[in-house]
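Colleague: Here are the chains, one letter per residue:
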Amino acid sequence: MVTQLGQRRGSAFLAEVIEATPGGERIVHCLQCGSCGGSCPNGADMQHTPRTLFAMINADRREAVLAANTMWFCVSCYLCTVRCPQNIPITEIMYALKRISIREKKYKGTDGPALARTFTKLVEKYGRSFEFGLASKFYFLNKPLAMLKMGPMGLSLFIRGRMSLKPTKIRQLDQLHAIIAKAREIGGAS
Amino acid sequence: MKYAYYPGCSLECSSAAYDRSVKAVAEVLGIELVEIDDWNCCGATEYFTQDELVASAVIARNLAIVDRQFDQLVAPCAACYLNLKKTDKLMAENAPMNAKINEALAAGGLQYKAGTIRVRHLLDVICTDLGEAAVKDKVVRPLAGLRVAPYYGCQVVRPLNGFDDPEYPMKMDDLFKWLGAEVIHYPVKAHCCGGHLTQISEPQAFELIRRLLQGAVDYQADLILCMCPMCQLNLDAYQGRVSSFFGTKFRVPIIFFTQLLGVAFGLDPNRLGFGKELVAAKPVLQEKLGALEAEAK
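If you read the sequences in order, they're chains A and B.
Quick note, the first sequence lines up with residues 1 to 190 if you use the numbering used here.
Quick note, the second sequence lines up with residues 1 to 297 if you use the numbering used here.
Just so you know, the hints here were simulated from the structure itself, not pulled from any lab data.
Where a beta carbon is used, it is the ideal one built from N, C-alpha and C, also for glycine.
Among the hints, a few may not be true.
Only pairs whose alpha carbons sit at most 30 Å apart, straight line, appear in this in silico DSS-like list of lysine-lysine [unchecked claim]:
1. B:113 to A:125
2. A:143 to B:249
3. A:149 to B:113
4. A:121 to B:113
One-sided and incomplete, this derived list gives chain B residues near chain A with beta-carbon spacing under 10 Å [what the hints assert, rightly or not]:
5. 13
6. 17
7. 32
8. 33
9. 34
10. 37
11. 41
12. 79
13. 104
14. 109
15. 199
16. 201
17. 204
18. 208
19. 291
So here's chain A without its partners, still in its complex pose (with noise of 0.2 Å):
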């Protein structure tokens, strides 16, 4: 049904995106009314707004979609969303355009997909986050001159015992690890 939705359209694309997302199907209803780039706290910075990216999806236009930075200036504030006449989950949406360029490379200029991928690494080592761990590692591999001017912040959270140097791990990391990879085998590429 979702293929057919995206078919009778003509774009693959289109159909992708719907199985990619949660209640996607609502996608085929937006009206190109604007109130998600008009709602969105850094829709003035976003090369397409939600609303034409909507309108490239339906076109098939897969590549410029994928290397839009839309999606990386969403913060999943949910603003669009709420605002949305047609009840378009635009937050979901954007969450699946984030996989698809991060599964195959497409975004460009941006450090989202680092932070990511570092934040959820050790999330998996240790089941909490690290919050040290992930602010020394992200910068040192992404931009090491930011750190200088990150180090007097640290120091400061570090004072007021607000940083801590090492991670809470949990007892069952056994399970956790179990469960996250069979989800990653049952989940396929999405």
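Following the hints, position chain B against chain A.
Modeller: Then chain B, alone, in the frame of chain A:
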């Protein structure tokens, strides 16, 4: 009243003030919070950026390990709150995903039936389950004379909350009016703090932070009240750098709403995690409310 408690990773360290003050005010209000044993990270926004099913399964493990005596869970962090709620909803509404998530959980000897656990925010519990009379009954130090900016952020009020308006919420306003504070009209109260953009796109993040700080200054707030660790970190820890970036001189204390609630209940500020914020909150509290320690129980 008994609830399972999911503190989330930030509350362990960078937002320990939130964890401490949540526990302290819950005790005063007779809300029993029992921490979920061996909970794991909710993945924030980062897992969903990579893999929908893994993200959902990682979150669902937390719902699956909640002790059977509980049917409600309290998550103070906005991202945790949303992720737990979102996953429960996804499993209830999307049968294929529900089956896959449970298949993944089964690999760890677990299962979760959607709808078993109702995910709540403490603000909702305090305002809805307890209400005005129960809160007012505990006030030892009314907050008269203190002007507060109630900052809700994004992920508690959007998209799923159901207990408040998604664009101009009022529950925290109500709560602090009950306590005697002057709650300012804060038009940006549910605007975005920039989230993880402070890590990947500083100029954009700084602009969002600037708007929130400027809004509080424009309406002469003494401080901003937060209900999310990320919001608190962005507004507090980055405040100095935001000021250097724009040439402003912001000195706005940023605290968690539970910390000020604790002050109104007459609790010792040290028990509430004061002093951990980078822009000190105690001076303005002392100026407006008098000595804090003297009356502490």
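Colleague: Work down the list of hints and note, for each, if the structure agrees.
Modeller: Here is what the structure says about each hint:
no.	hint	result
1	B:113 to A:125	holds, 27 Å
2	A:143 to B:249	holds, 27 Å
3	A:149 to B:113	violated, 47 Å
4	A:121 to B:113	holds, 28 Å
5	13	holds, 5 Å
6	17	holds, 8 Å
7	32	violated, 23 Å
8	33	violated, 19 Å
9	34	violated, 17 Å
10	37	holds, 8 Å
11	41	holds, 5 Å
12	79	holds, 9 Å
13	104	holds, 4 Å
14	109	holds, 7 Å
15	199	holds, 6 Å
16	201	holds, 7 Å
17	204	holds, 6 Å
18	208	holds, 6 Å
19	291	violated, 22 Å
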